[in-house]
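Participant: For reference, the chains in residue letters:
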Amino acid sequence: MLKKTHIQKYCSIKNNEISVNGDLVFSADTLEVKDFFKDVYQFLEIKYSKYFKMDLLSKLAFLSAEIILNEVNTKEKNTAIILSNNASSLETDRKYQNSINDKDNYFPSPAVFVYTLPNIGIGEISIRHQLKSENGFFVFEKYNANFHYNYEKSLLQNNKCESVLAGWVNIDKNSYEAFLYLVSEKGIIEHTEQNLKQLYNT
Amino acid sequence: MEDLKLELKKNIIEILNLEDLSIEDFDDNDSLFGDGIGLDSIDALELIVMLDKDYGIRLTDPKEGKKIFESIEVMATYITEHRKK
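Protein chains in written order, with our numbering: chain S, 1 to 202; chain L, 1 to 85.
Here chain L stands alone, though its shape is the one from the complex (with noise of 0.2 Å):
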């Protein structure tokens, strides 16, 4: 769980050009969207294609990923429990 973490902040601030930002930036409970790592629209966007890409796991309703995507915890939870590869 811890290794899949710090992968997905290592994939975030890659696929999302964070440039600014170091993994260090990222407490796993930390909100991704608003007031914490500041992530928009366009970016969960981004984040369904790697859900798809990387882990194999296909969101229908777009919606989904806002429960989904609330923190890095979540999404790792999420993620080992639903991962297809």
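Bound-form chain S, shown alone (with noise of 0.2 Å):
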């Protein structure tokens, strides 16, 4: 008998704000990025010094997996992270690439290396959180819906996990969005392709 699964909680980290559940919860008019997510950081609460070596992408992740899990207990859970963006880890690639242009001031960064890829984040938050579930991170023009909705359906309709942490995390250049969301057997909000498209497009 197949599962019934809902979205049991959803969140979106664009445009200097946060809305959780369709809520706006925090705004900031920070300009750069990377003091509009300290920002977040800070209001979020969290004292965690490992977050400050993380990339920019990874930083978006981690904080909006925190959103999303502060109230769940993912230890006891079986939960599976799957990720996709537009841009992978091209802000990083970039710096990285910086650090290596020049022959005569050829200092390659192993911080900065280590960030060369998108599923880096998964990486963290699965640390954070004590993860050791099925992950993936996809690469698409723009967010998939109906690639993520088949996904996730089948990881928990073939119980490969009991819940899945998935969504949107994109950063490039000076613009950033996160749409992230827990998939269970919780919630009120059926997991299916169209009301994936539309949390995504509010």
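Just so you know, these hints were derived from the structure itself, not from any lab.
We treat Cβ as the ideally placed atom computed from N, Cα and C, and that holds for glycine.
Errors might be hidden in some of the hints.
[Claimed, not checked] Quick list of simulated restraints, FRET-style, between CB atoms:
(1) Asn146(S) <-> Gly34(L): 45 to 53 Å
(2) Pro110(S) <-> Ser22(L): 19 to 27 Å
(3) Glu7(L) <-> Asn101(S): 54 to 62 Å
(4) His82(L) <-> Glu134(S): 45 to 53 Å
(5) Glu45(S) <-> Gly34(L): 26 to 34 Å
(6) Asn70(S) <-> Asp52(L): 36 to 44 Å
(7) Asn78(S) <-> Asp28(L): 41 to 49 Å
(8) Ser99(S) <-> Ser31(L): 45 to 53 Å
(9) Gln198(S) <-> Ser22(L): 42 to 50 Å
(10) Ile46(S) <-> Glu81(L): 36 to 44 Å
(11) Glu81(L) <-> Asn101(S): 45 to 53 Å
Join the two chains, each given in its own frame, into one complex according to the hints.
Facilitator: Written out as structure tokens, the structure is:
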């Protein structure tokens, strides 16, 4: 028998605002992306020194996951993570490339290099929430509700996990956007492709 | 030597993104790794790059770093004795 699955919680971070389940919970008028993320970190009252070492993509994934998972006991649950974006880790790739462009000033940074893959953000979330679950990071031109819905449904219906943390986490130059949600048997919004599209576009 | 120690503390905080620490949190003899300041293996590689870039000291064996990066005091002494710039 097919499980009935729902979108238990969702959040979006974009345009210097955070909304959770459709309600605006935080906004700031900082100009730089990194400063806005720091405001969010402080707003969420997080104490996690590793956060400051992350690149911007990982910080955005981490902060979004904090919002979604703060009331969820993931330690007892098998929570998979399926994320996607458009720019992969391009922001950090550029930063790393700049450190090796000049042969006379060639100092590649190990701390930057480790973030030149988009799925490192999944690793940061997994370390924070002690998740040892199925995960994947995919690159699409835009948020692909059809792909996400089918992948998430497949994981849940085949008992690969009990919940899925999923969504879109993108950053490129001064533009960023996160849309994260938790799919499980709990909740009131039915997990459908149409609902995912609608929540993403609100 | 005191100026160099202060410079090292400032640079380590900036380069390793230790935004939750301030210069006052560093005692000259605190262990930089493990139970002290809590740096990790990637930080150690970043310190090797810093030695090369800022002081012209090139470590050929990363294991040397374990001894050199023991504390701010040990680092400052090593840099004073070996710096090329």
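Participant: Against the earlier hints, flag every one the structure doesn't satisfy and list their numbers going up.
Facilitator: 3, 8 and 11
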